[in-house]
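Given only the sequences and the hints, what does the whole structure look like? Please build it.
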Amino acid sequence: MRCANCGFQNMPGSELCGRCSTSLGLATAVIDVHPPRASAAAKRLRRLLPVQRAYHRAREVLHADDAAARARHLTATLPPLPIFVRLIVPGWAHFFLKQPIRGHLFLWSFVACVLAAFFCLGSIWSGIWLGMAFSVHSSAALDIVTQTFTDAEVRDRIVRSLIVSAVLGMVVYWPVLRLIGGVAQPHTIESDLTPFRPGDVILVNRWEKPRRGDVVVYTVPYFGPRLIPGHGHNVFWYGGGNIDRVLAVPGDHVQCDSGQLLIDGSPSPWQPLNPQPLPKTLSMTMPDGRYLILPSAAPGQVNLQDANFWQTVGSISRADIVGRAYLQTHPLSQFHVVR
Amino acid sequence: MRRFDRLEFEDRQQSAQTQLKHEPLARAEDHDEHYWVKAAIDDRRNGLHESALRHYSRALEMDKSIVAGWVGQVQMLIALAEYPEAELWSRKALELFKNNVDLLAARGQALCRTGDLKNAQASCDAAINQQGLNSFPWVARGELMLARNEDIDVYCFDKAVQFDNDWLVLLEIGAIYLHYGRAAKGLQRTRAAVERAPDHAYCWYCQGVCELALGMTGAAEKSFNHCLQVMPKHALARKSLDELRQNRGVMRGFLRRLFGSS
Numbered sequence: 001m002r003c004a005n006c007g008f009q010n011m012p013g014s015e016l017c018g019r020c021s022t023s024l025g026l027a028t029a030v031i032d033v034h035p036p037r038a039s040a041a042a043k044r045l046r047r048l049l050p051v052q053r054a055y056h057r058a059r060e061v062l063h064a065d066d067a068a069a070r071a072r073h074l075t076a077t078l079p080p081l082p083i084f085v086r087l088i089v090p091g092w093a094h095f096f097l098k099q100p101i102r103g104h105l106f107l108w109s110f111v112a113c114v115l116a117a118f119f120c121l122g123s124i125w126s127g128i129w130l131g132m133a134f135s136v137h138s139s140a141a142l143d144i145v146t147q148t149f150t151d152a153e154v155r156d157r158i159v160r161s162l163i164v165s166a167v168l169g170m171v172v173y174w175p176v177l178r179l180i181g182g183v184a185q186p187h188t189i190e191s192d193l194t195p196f197r198p199g200d201v202i203l204v205n206r207w208e209k210p211r212r213g214d215v216v217v218y219t220v221p222y223f224g225p226r227l228i229p230g231h232g233h234n235v236f237w238y239g240g241g242n243i244d245r246v247l248a249v250p251g252d253h254v255q256c257d258s259g260q261l262l263i264d265g266s267p268s269p270w271q272p273l274n275p276q277p278l279p280k281t282l283s284m285t286m287p288d289g290r291y292l293i294l295p296s297a298a299p300g301q302v303n304l305q306d307a308n309f310w311q312t313v314g315s316i317s318r319a320d321i322v323g324r325a326y327l328q329t330h331p332l333s334q335f336h337v338v339r
Numbered sequence: 340m341r342r343f344d345r346l347e348f349e350d351r352q353q354s355a356q357t358q359l360k361h362e363p364l365a366r367a368e369d370h371d372e373h374y375w376v377k378a379a380i381d382d383r384r385n386g387l388h389e390s391a392l393r394h395y396s397r398a399l400e401m402d403k404s405i406v407a408g409w410v411g412q413v414q415m416l417i418a419l420a421e422y423p424e425a426e427l428w429s430r431k432a433l434e435l436f437k438n439n440v441d442l443l444a445a446r447g448q449a450l451c452r453t454g455d456l457k458n459a460q461a462s463c464d465a466a467i468n469q470q471g472l473n474s475f476p477w478v479a480r481g482e483l484m485l486a487r488n489e490d491i492d493v494y495c496f497d498k499a500v501q502f503d504n505d506w507l508v509l510l511e512i513g514a515i516y517l518h519y520g521r522a523a524k525g526l527q528r529t530r531a532a533v534e535r536a537p538d539h540a541y542c543w544y545c546q547g548v549c550e551l552a553l554g555m556t557g558a559a560e561k562s563f564n565h566c567l568q569v570m571p572k573h574a575l576a577r578k579s580l581d582e583l584r585q586n587r588g589v590m591r592g593f594l595r596r597l598f599g600s601s
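Residue numbers (the numbering used here), protein chains in the order written: chain W, 1 to 339; chain X, 340 to 601.
I should point out that these hints are in silico values taken from the structure, not numbers from a laboratory.
A portion of the hints provided could be inaccurate.
Listed next, the stretches of chain X that the computed footprint assigns to chain W, with coverage defined by at least 3 CB atoms under 8 Å from CB atoms of chain W [claimed, not checked]:
1. 400 to 408
2. 430 to 442
3. 487 to 493
4. 566 to 579
Simulated restraints on C-beta separations [to be verified]:
5. W:V167 - X:E489: 52 to 62 Å
6. W:F95 - X:G471: 41 to 51 Å
7. X:D490 - W:K43: 27 to 37 Å
8. X:A523 - W:K43: 25 to 35 Å
9. W:G7 - X:N504: 16 to 26 Å
10. X:D505 - W:G7: 18 to 28 Å
11. W:I180 - X:A461: 43 to 53 Å
12. X:D581 - W:T146: 53 to 63 Å
13. W:I88 - X:A523: 38 to 48 Å
14. X:D371 - W:M11: 21 to 31 Å
Quick reminder that beta carbons are idealized off the backbone N, C-alpha and C, glycines included.
Right under this line is the structure:
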């Protein structure tokens, strides 16, 4: 029997080639002959993000540097690429290595800590839970690194744990926290702003441009008694943090006719959070960079019906608007989407 | 009757792919594995890598002991830029055909494209050390040298051409140079291929691609036109020519020449 690989003439009845050990019954063996294929999207992604190439290049560069022998030794602790990439989610690498119990333990501990941090947003507990989530994540990563290199000394393991935590912090947590700081910044209500109570926590999206109808958190720079022009006497101007609905955006013409709000001549579908203190008469065009937000939730102005007063306090500049409030997370009994 | 071989008759202008497509399916079942390997090689020589891959698989469905089928599959996966898949498949094939020269070289090439030069070096070295060398291990080794920016790539490629003087070897070397952004060196090899096989559309197409990468739009247009003369239904050449005509302009040509590959 002639070997298909090396051409060696074997004795009849042989199962393997005597020279190269290739199976001689290969022609009729049951083997899948269709190769795995990459999808067009995967190929495009590989072109855009050549992760594999960059990984090998980094390894080569680090290994080529003779001056940094210690660093080279530490980089040898990098696990193989498929495992290394999966360190981004705690437990994923364990599932990949067929260690489902550890995988479930790390993953669900992490999820529990993150959820606890979410529900405690705005309090010190949020930071504590988030720190615990980070610890679980870095422990999962360190567990993988330690499993990959079992012969390392204790000092090496400590250094590795520090490196793993630092890399995770920089690559995963710092960008995520930056993102959350932009789109889900917790804001604690400090005073009685109906319908919210002191201590309520609201998530605020700082990156979104305010639109008509959005409930926004904003700050009024002045707090205390102040003479309102045309009003004739001092009123208590409520300053500080406030929350209410955007009724008009720059360029809108606002009219208030016997308690009904008209924007550019049409009745507005939006009302302030507490519609009672709407001015009887009001007519103004919103200047550039200023939004109409009537401070209906703030205490102290309920009985003031003067149009001049509302023009002054209702025109809020873009810089004073913190962001759009979209979710109340605390207390849990009040968990709801802010509309 | 060789002197009549290059006469252009209407029916001879049909591509190999078109001929295969028109073949009735009932007849296709009658063919043996050697027919499909030959069809795959024909497709490969026409630059139809996807079709060649299918034909190699078809040949292997009939006989899994055809080494050329496994090697061809890996080479086609590399040509289709599916490098991790090619590496995986070459490993599987090497389990079946231990220390096969071409499979080792193909694995080296796939590893080289994924950037794992260390393992690629080991694979190429193992291929070169085997008996029964041909041109492919030298092509793979040349690519490795090119990836490492070592100057002996030319020596390896010349060695490959010494082993096999076929125009396809030259063209594959040209494609490797193009992949690593050395279009000038690639053009040199593809020109040699065109000189050897001016009646093959794929040679003209590759030459056009190299010229285009160097910003030689006029020459590229001529090459694509030659390609379409030889094979009027060459879709890639038609597409490249259309793009070239749409992007024509002195400034664009100048910029392409300025920032084109070396």
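Report task. Please name the hints from earlier in the document that this structure breaks, with their numbers sorted from lowest to highest. Result -> 3, 4 and 5
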